[in-house]
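J.: So the chains spell out like this:
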Amino acid sequence: MGVAGDPPYLSIRRLTKRFGSFTALDDVSLDVFAREFVVFLGPSGCGKTTLLRAIAGLDIQTSGSIHQGGRDVSMLPPAERDFGIVFQSYALFPNLSVTDNVGYGLVSRGASKAEIKARVSELLALVGLPDSGAKYPSQLSGGQQQRVALARALAISPGLLLLDEPLSALDARVRQHLRQELKELQRKLGITTIMVTHDQEEALALADRIVVMNHGVIDQVGSPTEIYRKPASPFVADFVGTMNFLKGAVSEAGMVAIGGRRFRVDGLNGMAPGTAALVCIRPEDVKTRNVEPGTENALEVEVRSLEFLGSFARARLVPSDGAELDLVADFSINLLRDLRVEPGIRLPVALPPDRLRAFPQ
Amino acid sequence: MTTATAPLVRPKASRDDLIMRGGLVLFAAVLLVIVALPLWSLLSKSFQDHNGNFIGFANYLRYVQTPALFQSFWNSLFIAVITTSIVVPLAFVYAYALTRSCMRFKALFQGLALIPILAPSLLPALSLIYLFGNQGLLKGWLFGQPVYGPVGIIAAQVFYCFPHALMILVTALSMADQRLYESADALGASRLRKFLTVTLPGAKYGLISTSFVIFTLVITDFGIAKVVGGRFNVLATDIYKQVIGQQNFEMGAVVGVILLVPALLSFAVDRIVARRQVAQLSARAVPFEPKPRRARDLALTIFCLVIGLMIFAVFAVAVWASFITFWPYNLTLTLKNYEFGNFDPLGWGVYWNSLLMASATAVFGTALVFLGAYLVEKSNRFGIGRGFVHLLAMIPLAVPGLVLGLSYIFFFNMKGNPLNVLYGTMAILVVNTVAHFYTVSHLTAMTALKQLDAEFEAVSASLKVPVWRTFFRVTVPICLPAILDVAIYLFVNAMTTVSAVIFLYSSETKLAALAIVNMDESGFTAGAAGMATVIAVTSAAVKLAQLGLSRLLSRTQAWRKR
Ligand SMILES: Nc1ncnc2c1ncn2[C@@H]1O[C@H](COP(=O)(O)OP(=O)(O)O)[C@@H](O)[C@H]1O
Ligand SMILES: [Mg+2]
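The listed protein sequences correspond, in order, to chains A and B.
Using the numbering used here, the first residue of the first sequence is number -14, and each one after it goes up by one.
Using the numbering used here, the first residue of the second sequence is number 2, and each one after it goes up by one.
Each hint should be verified, as a subset may be incorrect.
As a list, the in silico DSS-like pairs of lysine-lysine whose alpha-carbon atoms are at most 25 Å apart [claimed, not checked]:
#	chain 1	residue 1	chain 2	residue 2
1	B	13	B	465
2	A	98	B	465
3	A	102	A	173
4	B	379	A	102
5	B	195	B	107
6	B	379	B	451
These aren't lab readings, by the way, just hints derived from the structure by calculation.
When you get a sec, could you build the whole thing from the sequences and use the hints?
T.: Here's what the structure looks like:
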């Protein structure tokens, strides 16, 4: 993975893309480092595919520049850039066998028959389909087709791999499995990879860095942990993972008043007293063990309902004194057993100051 | 926000882009020459006197003021309105039976109804003459009325137009949404109410479109009026008389321009309708499944049986008559009517001419059409070029064959046009026929290309594979069935067409369908019927071959199996 200080492999500067009067990408800048796995994450229609296609040269930006490997590729057509791409539809050639699909890009580079054959077998082995060379795409499952598309893109050893929602057409189980394989393959090959997805779980599992996009702009760039722990905006906080949003107002330095209570908030980002604030906390960060009378940000709540979700349960909590402060908290099954939590019981919980983040409302 | 001054990126065109843009420019030039420029010369001719001086609307004025000419306008209108109002309801019921009932033998009925497409429009006219003409078998049925004239024209047109109306209406009626009927059921709607509130509105656009198509077909058809029209003049025969009979090219051009009006109108309506129709059927619609209902199914079966048998009978009469020694006095069978040398100097030569012309049209036309559609559909950017070529490709649909043929006379005969070496050759017949049937072929190819994954070209570009390689290796093989469709469509139409080529043939390049007109004119009706039969058999054989070939494709090409 790239180290800060290395020149970026891909450098996008002030990219804007308009379709008529509609602005699909608005002044986007981004660096991608060599061997990095970067994921563009955002809701449908936010411009992820548009950005990916601009990088590929398939839909060239209205203004702004792209440098790849030190070369200005801003105006170049796809054929003069260096990338392999897997589309959501895979776009496998239905009339060609798997072997011919994978070898499609090799034939026109003047490789000999034997070389092509060797390379194709190598690639098919790499993606775990060593025996499917003679089949046609329609005879393969969705997951297998996805691997063939990947092998075809990798065949010409591109410097950059672009993946547009490569897993979204698959069912959940296959998706999880392929996710792991994709990650391992990318590590093994060390190929700089950009993937587009609207699935935050997928992004968190795969990415070295996540680029969260919204309405044609980049909201935040960061490692999965950063994105999850320190979302830069309410949008990111809401889009990635589950989040409690509590409305309040900054009362004094480091304190926010919510529903008649005052909470210490570490992540106040220097908001001035009197500012309306949106305070966030993840359900799993609501503390229930070892909450004692002196614990900071503690309150007594009543369990309204419990939703069993396998290894944990999601509880809806309301303050016992009836204040306006609805919370969702995740309790491990262990904890449920230890504290005998069930709907209707009351228990003390705390909102740890270092887990609370506030945004101006 | 970006500042307004951010420099715009000027994308560099790739080698592929340049090839495809060059292709589009070339295509625009070709279509200009084979479609637009000839029409332009027709239009200008209609504003000129004999010596080529511009005289404004004088020719038009003379046309309107000459009762003998202007009467044809009303005659054509009359024939077209009556035929349309007979054909459309009949075809609607037939299409309804094929799509919305549980009638049996649907494939058979559909096949029966499509028979007239195989032969030139002259064939039903010949049959009517055999049945109701001066020596007609059933002459008495007309109570002494002559079949030559409006009655004969309308009757023959009804047979000829029926399959064309049926095809559009079957398409319109098969696009039904089961859910609409289910909600109507849930609301307790009666059958009549369901028909009036769901079925009819759903088929509304199809009906409008069909009416205009049939109206145009009738107004622009030449063969039927020529054979069975007698002294009843219509626009289509007027053009022929003005140009071939009186060598009055300017008046011919005027009639040609007038003939363009209904065709253009119909074209415009069809475009508007097509745009609305798209929105009608959402992707989530559930295809309609008819439920059996004995009384209705039986009634529809009888209806289809009557119509189907009549179509078959009309077809069969001409075929039968072509084997008769001396209609109607000596009904023994003979092959002498197939010794075409007795009726035409070229004899069977006209048939070989037709085969050659149709094959060349199918081969070159299909290649041209498919390549053109590919360039329009798959080129990057260059919207102007793509739009222009597409527009040019749509024009022939609005141009009746007679008008196109006449335009060719003017354009390819022009002094100083280097292309006038083509005049009188087989090549001009091929070029003209390709142009004549360009639009439907173009649309068929476009539809097939639109169904391909839009990213094939993007994938190829990323793999640095040149676009022509993907075209031959992927696009063409996948589109083979559609390519075959286009080729057969061009072939069959080239075999049966009369209207455009009648102005363009020479004594050596006479075609079979044209020989029918000549033989009929010279009183060799049996020979004409024989030639019509030969053409119909050829078309049928080609259609069957297509069926076999597509079966073969889906059986031998493993990847087509799903
Ligand atoms: N060719 C196009 N013409 C017009 N609008 C487009 C085009 N391609 C994309 N858009 C619009 O740009 C926005 C971003 O699209 P896209 O990048 O495909 O979103 P996503 O994040 O789901 O991949 C959408 O609102 C889409 O409607
Ligand atoms: Mg997308």
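J.: So, for every hint listed, does it hold in this structure?
T.: Now for the hints, and whether the structure bears them out:
no., hint, result
1, B:13 <-> B:465, "16 Å, holds"
2, A:98 <-> B:465, "18 Å, holds"
3, A:102 <-> A:173, "22 Å, holds"
4, B:379 <-> A:102, "31 Å, violated"
5, B:195 <-> B:107, "23 Å, holds"
6, B:379 <-> B:451, "9 Å, holds"
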